[in-house]
Amino acid sequence: MTRTDKASPAAHYAMIIDLDRCEGCGDCVVACALENNVPPPNPKATPRTGLNWLRVFRLEAAGRDVFLPMPCMQCGEETPCQSVCPQKAVELDPATGIVGQIPERCLGCRYCMAACPYQARVFNWWDPQWPAGMEQTLNPNVSVRQRGTVEKCNFCHGRWHAAIEKAAAAGGRGPVAYTPACSEACPAQAITFGDLNNSEFAALTNKPESFRLLDSLGTGPKVFYKTASTAVRAAVTGAAKDTPHA
Amino acid sequence: MHSTHLIARGACRAPLPRFLMWIAPWVALFALGAYAMFLCLSQGLFHTNMDNRYAFGLWIFLDLTVIALGAGAFFTGFLLYVLHKKELKAVINSAVVIGLTCYSGAMVVLAVDVGQPLRAWFTYYHPNVHSMLTEVTFCITCYLVVLAIEYVPMLLKNRRLKLVPSFLVFEWELHKLMVVFALIGTLLSFFHQGSLGGLFGVLRGRPFAFREGLAIWPSTFFLFVLSAMAVGPSFVALTTWMVEKLARRPLVKPEVYDTLGRISGKLLLGYVFLKTVDTLLWINQTAPDRGFAAHRFYQHSAFGTWILFAEIALFGLLPAFILFQPKLRQRRGFLILAAVMACAGVTLNRFVLTIQTMALPTLPFDRFLSYWPSWQEFAAFGAIAAYAVLVYSFSYRYLTLFPQEREIALAEERS
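Just so you know, the protein sequences line up as chains X and R, in that order.
For the first sequence, the tail end lands on 246 under the working numbering, and the numbers increase by one without skipping.
For the second sequence, the tail end lands on 415 under the working numbering, and the numbers increase by one without skipping.
Rather than coming from a laboratory, the hints here were simulated on the basis of the structure.
Incorrect hints may have been included.
What the hints assert, rightly or not - Simulated restraints, written as ranges between beta carbons of each label pair:
1) X:141 with R:142: 40 to 50 angstroms
2) R:130 with X:129: 46 to 56 angstroms
3) R:21 with X:58: 56 to 66 angstroms
4) X:136 with R:152: 52 to 62 angstroms
5) R:295 with X:21: 35 to 45 angstroms
Glycine residues also receive a C-beta, built at the ideal position from the N, C-alpha and C atoms.
With these hints in hand, go ahead and build the complete structure from the sequences.
Structural data, given as structure tokens:
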């Protein structure tokens, strides 16, 4: 899926989602689906069988609704889905830190889905179908997936690919800056995307109000959340439920 | 050619019409299941009730179970050909048929369960050597070939087939190699039984299933091997007893049951001990180290601590105690009860690792999820059960599954 140029310095793309800004409008979900050729849901699909690379959970905390967008966490340490795939259809790209999925190689065994603690992976239970004419809107930079394969968020790999080709055409090498569709679409600017090798961006993830989901599992997720409210943080991390999890 | 010409000389079998009546409902069940499998293969897995959360369902749970129960094939072969437990020659053929049907049936269900079965060969071409599923795939397919080879001599000894001299020579030559196949089968089984346990033990993102272990293998690797070895002889004893009841005649001598029960009891006792140690380590160390208090996993009413008690004490320690005691296991009723309980215990263990692991939430704000299989899932597995019964029925009718049968019948006639 990804081209690894070992001579180039690697990037470690990451995302910071501001829970205090997210209004749960769902623009990120729609933008993600359009960008990545996620087909419209089958009429028989349920919330548990639908295809969403980005889900938005709604929680109640601190006397308000809290919306929690959840893409793939792009785990960087002992990536749970990568090690279990029997036929190398999941790859952690050292050049970007992105966990890629190769649908053309996927057996559809769903072992990676069982392994993912964030349930970020979805399965094509049906043949993907677009209403007549809507196939014209497909993004040519992203392949469509077929029935019986697993797919997931890849931080808009098509955009990364386009950015790196543009940079290469201009004679540039190494990491490129680009913006995934969800981050671009968010009207509240709740999703910030960047490279952890950039000290300015990395500093944002090290702030006291930043945290990661299920950090204690040691999988090194590269999606960070931030909130100024300790109650919201407790609700999201489960600290209120279970002390060892804090 | 009349069908009785195919039945072994001296063996008493039901008349053909009665045999056909026996297999008719199984053929019907097989046809229904085959239709369900066709739906899933041709239209998609939306015919199941699995979903993005419940990625594994009834099929994986039952696959793991039948592969554990089918372990009697490799372990009986190991005991007979390597450890020279000669009395087990009376059940080795039956054990091989059970193993063959269990493994081949599980493979068929797996082929339906994956979304892209035509890509199954990718695992051999692009193997991820770090994946337990790769090890399972390689070992199970190789072992299925071994089981098929072990089945061939049985087939060639059929009354009609053995009239062909070259078949008889081939069968004899193959028989001489059985010790080699028994050893290969043991090696392959050790790894795939273990890797099936490892499938869940390595899930570091699922703290309910995750286990520490030795080198690259989580503790579930070794527990699965041991539990399969413990329950395999019990299942062989149980199926032998069932066939005896259906055939209404003794097929093996009492000491065969005693040997199977004794071996099963000892291994089960060892398994229960190690499982208890493993559970205590998980509660006190592994789960807290991953940020989870183990008691949280048992807060959901459907899967309370009763399931832990049932798995370890009721269906582990109790049958182990019965099978371990010579006086108890020599009473056929107790032995069969203990064998049923041991099989239930291993079934429950596989249920816990598959279904309970999927049901439990990992994210703090997520909720417990339930799942009930669709009729297609039940029917597909029903087809495999029917297939197993049909293969076993035909094998029992036309091959010699129990070599002591004739000897026992002659002794009874004389007395």
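Which numbered hints fail: Hint 2 contradicted; others consistent.
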